[in-house]
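Asker: Going line by line, the protein sequences match chains A and B. Taking our numbering, the leading residue of the first sequence gets 48, the next gets one more, and so forth. Taking our numbering, the leading residue of the second sequence gets 2, the next gets one more, and so forth.
There could be a bad hint or two in this list.
What the hints assert, rightly or not - In silico SDA-like cross-links for lysine to any residue, where the CA-CA straight-line distance does not exceed 20 Å:
hint	chain 1	residue 1	chain 2	residue 2
1	B	167	A	57
2	B	227	B	182
3	B	227	A	57
4	B	167	B	227
5	B	52	A	57
What the hints assert, rightly or not - Coverage of chain A stretches by chain B, computed from C-beta distances (three or more under 8 Å per stretch; other residues unrestricted):
hint	segment
6	60-73
7	162-170
8	193-201
9	211-223
Because the hints were derived from the structure by calculation, they are not lab data. Values in this document were obtained by computation on a predicted structure and should not be read as measured data. Note that beta-carbon positions come from the ideal geometry of N, C-alpha and C, so glycine has one too.
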Amino acid sequence: MTLTAAYGLLAHGLICGAIAALLPLGDLRARAALAATALAMLVGIAPLLHGLFGPPSLTLLQLAVLLLANRTPTTFGYRPALGLLIVTLPFYAMALGLLPLDAYALGFQPWPLLAALLPIGLALWWRRQYTWLTVLAIDILGYAAGIFDNLWDALVDPLLAGLAALIVLRWQVLRFIASRRR
Amino acid sequence: MPALNTTATRFASAALFAIALGAAYVRTPAPPAPGFVTGVNAAIAPLAAMKSAGNLPPAGAQASAPSLTQLPDGRIAVAWLGSDAAGENSAVWLSLLSASGWSEPQPIANRENTGGATFMHVNAVARPIIQANGETLHFWHEAVLPGGGRFIAYARSTDDGSTWSKPVRLAASPLGPVGTRLSAAPLPLADGGFALPASGSGGHGEWLRLTAEGRLVDLQRLQAGKQPVAAARDSQHAVIASQPSTSGFLLTGRTADGGRSWTEMPDGPQIAAAPLALLSLPEGRLLLAGNPAAGRNVLRLWLSADGGSSWQACRDIDNAPDGGASFADPGLLRGSDGRLHLVYSWRQQHIRHVTFSEAWLTEDCR
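Using the sequences and the hints given, assemble the complete structure.
Answerer: This is the structure in structure tokens:
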């Protein structure tokens, strides 16, 4: 068992728990989340997700943990989701070979990426986004601890990008419906 | 977002961010400039023309994707994919060639041990690649996931393949299983690491740089097409060849700086879209094995005397009149005694091993 393999399994278990916590179960919400986490790891859902998507990013894991700790729904709102989508869309297009460059390669010896994260961290601190700054710091610590060989894998993953796309799409649809009602 | 704006939170988050940046800076690898280890020993006396062939011991009804390397004691190791008649229950098998012949094949990877070690649901294993470097035998293979996606798993052995480390997933793509696939044997690097040619998800080639411990430290996109194979000519020069995209002609490229940049070369011979093998020979020659445009029912060897700019067809190793025949997945090796070894999948039923000398190879070049 390696650190990365254990991380991936546990993280997918917690993400399953966080999804269960979204259900409108009232007082049973915490128990449902705990049961979903345990079940996901015991009946093979977490290994299946781990195989299908690889280890999730620490950003997604932290969002799941924040959700389980009742720090939602505002943690991952429209603006952060849109920002993430703006970064991840070209990133994954490059990975698919649709663009000539490959930003993913920068994550193996990520000095330029770390240099780029410094002003982002400062901006988050300046705007008092301390939760997001902590999320970013833990992402980087995950890379430093050796859970990930590529810093990008600690920051983003396809599931997180998909979640961001859903949030942005939902916001746009609600806005469109509201404009039609006026 | 909840307002965590107490003074303690404010400074704690800033301090944590600063510590994280510092730790990441310390952890970031700084590999030395790449240099190839060619392994081409020109001092070996030329051998007389010779050729012998035989099958490896069977392990399952189907056999494909062989990979070969030479251990420090001179034995030839071959790993291949074996499965039952339905193509299921796949496993990677290893057999060693010593003076007494091929050893009984031993399974070195299957879906259970790969899935168990990586905590992933794995449906099957595929495409093994082995490479000896010093006392360590390195082993990569693909793990096939539900839905057909794959990831690269890596393990190593320090006792000539008797026992193996737990396989670990090699994160070579941000797209998880829709990512990088193995292509050909790696080129050993002077720092103990490897340069591993691979196929990217967009149909392009990729050049992965690994440390001696198998950790991925760099990745480069190649202009060459899918399933590239590479051969080093000296510490800085190497040639890469890959499957054609639409033209049907072999795509080649060369590097003069250890693989940091590549330039395209003239198209090679017309070939079928099948895996290739490439090997450096003394005096700067290159040996290519693959299927010509006629199809997989012919396995041909080509020689290049000018570093891959032009190619001469030399020998047909196997040639069957029935179009359904398949002689595919070649692997090439030059042994420490100067003999050349070729392994390939024979009609997906056996792994065939052919040994020959350069004199035999060149006596019929046309």
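Asker: Tell me, which hint numbers fail for this structure?
Answerer: Of the numbered hints given earlier, those the structure breaks are 3, 4, 5, 6, 9, listed in rising order.
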